[in-house]
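S.K.: Keeping the supplied structure of chain A fixed, place chain B upon it in accordance with the hints.
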Amino acid sequence: MRIKSTQPNVVDLDMTPMIDIVFQLIAFFMIVTNFEQTQADERVKLPENQLARPPMTPRDQELYVNIGFQRDDQGRLLDPQPYVFSKEGPKTVTGFGSELQMESRVAQAKKIDPKTITVVIRADSDTPAGVVQDLIKLAQDHGFEKFALKAKSQPLDE
Amino acid sequence: MILRHRSSLQKIEMQMAPMIDVVFQLLIFFMLTLKILSPEGDFNVNMPIGQARADEDTELRDVIPVRLSANPDGTLKDVALGSRSLGNDERVFDRLNNDMVGLVGRGAGGFSDEVEVEIDFDYGLRYNYVIQALSACTGRINPQTKEVVTLVDKVKFAKPRPRPESAE
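Heads up: the sequence lines are chains A and B, in that order.
Following the working numbering, the numbering of the first sequence begins with 240 at its first residue and continues without gaps.
Following the working numbering, the numbering of the second sequence begins with 89 at its first residue and continues without gaps.
Treat the hints as calculated values from the structure; they're not laboratory data.
It is possible that some hints are incorrect.
What the hints assert, rightly or not - Simulated pairs of lysine-lysine, DSS-like, Cα-Cα distance not exceeding 30 Å:
hint: 1; chain 1: A; residue 1: Lys-376; chain 2: A; residue 2: Lys-350
hint: 2; chain 1: A; residue 1: Lys-350; chain 2: B; residue 2: Lys-242
hint: 3; chain 1: A; residue 1: Lys-376; chain 2: B; residue 2: Lys-165
As the list claims (entries may be wrong) - One side of the interface only, derived from the structure: several residues of chain A facing chain B at Cβ under 10 Å:
hint: 4; residue: Phe-267
hint: 5; residue: Ala-279
hint: 6; residue: Asp-280
hint: 7; residue: Pro-294
hint: 8; residue: Ser-364
hint: 9; residue: Gln-379
hint: 10; residue: Lys-389
Using N, Cα and C, we set each Cβ at its ideal position, and we do this for glycine too.
Bound conformation, chain A alone (with noise of 0.2 Å):
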């Protein structure tokens, strides 16, 4: 009886479509992933706009405030009374001009002057409009003056 000599057949997996695909990935998650330091407050709900666009040219000098509520995992609020949120944690609308009185001194020892600094309000759909408006006089008093008001931009329907 011939036996056969079977030498252990290794099996060359062919590797390079996989790093192929692989490094496509790699290319597509790094050319989203802007780690830009975004100022958004995930807790605010914007309300939503078709004419709301990005600005044509970037602002030099921004400072974002965001106001919004306290919600439960379920989008229910917990105080129906709106905070800001700010880096020291949720403050009220009045409780926030000791920051911006901050950010007012900062801007004018950097000699920047508060006037050409754009203060990026971001406000959830359901605040009371007078506790932004109350947020604009406030941040006035501090001797800032341009003021912006996000939404989400809305894709337009036909």
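M.R.: Relative to the frame of chain A, chain B by itself:
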């Protein structure tokens, strides 16, 4: 002379495993750090400090007053352009937009620099309605080209209304 005959070229086996490890690490890193942001746009509001300066500035322009009044629960009660009430249904901002085109664009839907819109709203009105009114006053989308046509560039808010007692 003995020539050593090389039967075949020696194949260098490349070690792929470490590279694939690193590549997968990178892939996972980028997947986890990905944060999908929806595009945001903004409306500029002109709020100069000091009433005197503001008055001086607006003297040269026509001011179109838009009044938004609210129900106690924050919903829209009425929209008024000047002294004319436009109602409060879902098409009210379309009507406001059409009236603005009539006033500013003189039908063609063009940009006007001599006009300023002053939006006056109740304290408790939901911010969403203010944005809708701002949008209706500042521009419209050309139905043919789908591009934004600016109607009014200058928008300001009227003097704040007092906070209602019930809001406390």
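S.K.: Could you check the structure against the hints above and give me the numbers of any it violates, in ascending order?
M.R.: Hint 6 alone not satisfied by this model.
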